[in-house]
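Chemist: Sequential numbering of the sequence shown, starting at 246, is according to the numbering used here.
Bear in mind the hints are in silico, worked out from the structure with no lab data behind them.
Treat the hints with caution; some may be incorrect.
What the hints assert, rightly or not - Only pairs whose alpha carbons sit at most 16 Å apart, straight line, appear in this in silico EDC-like list of lysine to aspartate or glutamate:
| id | residue 1 | residue 2 |
| --- | --- | --- |
| 1 | K754 | E725 |
| 2 | K278 | E289 |
| 3 | K891 | E907 |
| 4 | K426 | D287 |
| 5 | K429 | E339 |
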Amino acid sequence: LLGAAAHPALCPPAGSCTMSTAEDAEWLRWVTKQFGSIAGEDKEIDLEEFKTALQVKESFFAERFFALFDSDGSGTISLEELLKALSLLVHGNETDKLRFLFQVYDVVRALRHIRVPALTRRGACSPRAGSGSIDPDELRVVLRWCLRESAIALPEERLGDLTLALFEAADKDHSGSITFKELKEELEGFPEVMENLTISAASWLKPPPPTERSRRPHYLTRVYWHNHRSKLACLGGYAGLNLLLFALAALQHASLGGWMAVARGCGQCLNFNCAFLAVLMLRRCLTWLRATPIAKVLPLDQHVVFHQLVGYVVLALAAVHTGAHIANFSRLARQDGHHALAEYLLSARPGVGGLGGTASQTGLALQGLLAAMLAFSSPCVRRSGHFEVFYWTHLSYISIWTLLILHGPHFWKWFVVPGCLFVLEKVVGLAWRHAGGLRIVEVNLLPSKVTHLVIERPQFFHYKPGDYVYLNIPAIATYEWHPFTISSAPEQQETLWLHIRSLGQWTNKLYEYFQQPESPSPEPKPLSRSLREKRCRHWVQVGANGAQLSANAECYIDGPYGTPTRRIFTSEHAVLIGAGIGITPFASILQSIMYRYRRRKQSCPSCHYSWCEDLRDEEMMLRKVDFIWINRDQKHFEWFVSLLTKLEMEQAEQEPGGRFLEMHMYMTSALSKNDMKAIGLQMALDLLAAKEQRDSITGLRTRTQPGRPDWSKV
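All chains, full assembly: derive it from the sequences and hints.
Modeler: Structure follows, in structure tokens:
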């Protein structure tokens, strides 16, 4: 990292350009060491080695930096030249760094319209000497490479607008070129950039971080315990209950020997845990509980994580339980002398336990089923295109619970209540699924391989913003049900929306299925016609390259099921943070928020003055919403942008200058303003956004910020 902010330990205070003698010596030793690791036998760095070390995406900036470092124009950089250039940038003042930036942008006139060629090792003509000013063509060339370095694609016309905006702002005297003095004056309007101007994140020139004193692990900090107090309290209660059950059962059977005490203790814990597994998968009951005060005490949003944890605990307890019984049978076989251990394990024996003395056989069967279920539930199986294996092995819970009732004489007492609730939920789910298939009335194939399904909404189907459903499309896979968040607002009465990103086998099949050409229907169906009319009132986004298709495929849904987003409307200030396709729940939430915001707006019939009623009702307590969306690159913004544009326009109409809903967009592939490879582009984007009141990357009024959020500032 070349510049004043090279490393926290070496970074001088703002406004200071000095480092201590010890820091200076450390930095020089580190650069010398790194130079030796990449230089050839001739102790010189050529252009290709420089490109590799600098880690830049495009060669333009590497070649410009190389030419400026190569002070003698030899085609290679010596250690002396490198240290001289770096010392100027690290120890130099703002003017030194700005002059370097100016030389980078002052491209040789002869190379104005073409890529700067790679330099030869010796005797090549160095392009370091510029014209002393930057004209529009040179600026356009640099901005084009800035766009490529930040993975931003804009049409040539837009590039021209950016060039013009930056050139007009910097060319103070309207002479047709930008001088060093004019560039300096323009950059002085960005003090935060001036203080931290760097070349690039070249790890080979970044000294290792200073060794920090050993700190406590994060999970032992006070903040962690405060933020996870409900989850930790439940984990503590769960562990305490298991220990209590084990101790009581072990003490009760201590007279039968140590191995029997361990086996009985684990067996009692298994009674509880195998029944508790069913409780954690009662989705409808958990959705109902979210609307009660219990939701503030119990970590209901962690039910899947707890289900996985209890599954591991069951397998461990079953292994200890089985091992203890085998040890006990081995002891009995040695005492008896007439029966082998295999007879105890494989043949029914009265008094051993279980229905008809079959405890050993049912226990071994249970151990095998549990091991298979755990093995095929691992993420590597589920995410590698073998969902059917996970699905069918997980259905063995029916066999497991049946064998448990036959194996343990007291299990039914633990299982009767959760078992009945589980069966009731399954019956309700089957009734929903087989009440009749729903029609997919429209499909939009959006950018980034996102499939937007518009599904006929069932009668009496009520849900909250952010809820999800399980979707089954027999044409894709007969038995597979996958959860997807509903992206339409509950106020949308006729249809449901699902936005599905192609990330796995099933979702890719879905996208490819609707990519197939379809013969047009001569007469649109009434529902399709009403949907098209409704699209004029609601917000459907179709990307520039997206395909809008009519569809009549059949599907089934199971749900809705609740999520933690149900609590948003009871807050005064909501901060919604999502990355990539993870913002799907917010499509529904934002639409519902704006619908309720509209409904609460009041206006005077005489003067048409409008205001927002300051009422606190159960449906809408929100006074401020901040929406933060982080994406890797430009194309991932495309599929959701039209909805956000609609929300921005609606807020501008309802309350000009209002800040009820504020959006914050971040693009992680774009270089920050502090980087010399991006400062010109980011300044141009700022200037053009201020002029046109819209962002060049997304088209929104909200300016897309480069890099990741600075959470402390947020």
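Chemist: Determine for every hint whether it applies to the structure shown.
Modeler: These are the hints, each one checked on the structure:
no.: 1; hint: K754 / E725; in the structure: 12 Å, holds
no.: 2; hint: K278 / E289; in the structure: 13 Å, holds
no.: 3; hint: K891 / E907; in the structure: 13 Å, holds
no.: 4; hint: K426 / D287; in the structure: 40 Å, violated
no.: 5; hint: K429 / E339; in the structure: 9 Å, holds
Violated hint for the displayed structure: number 4, the only one.
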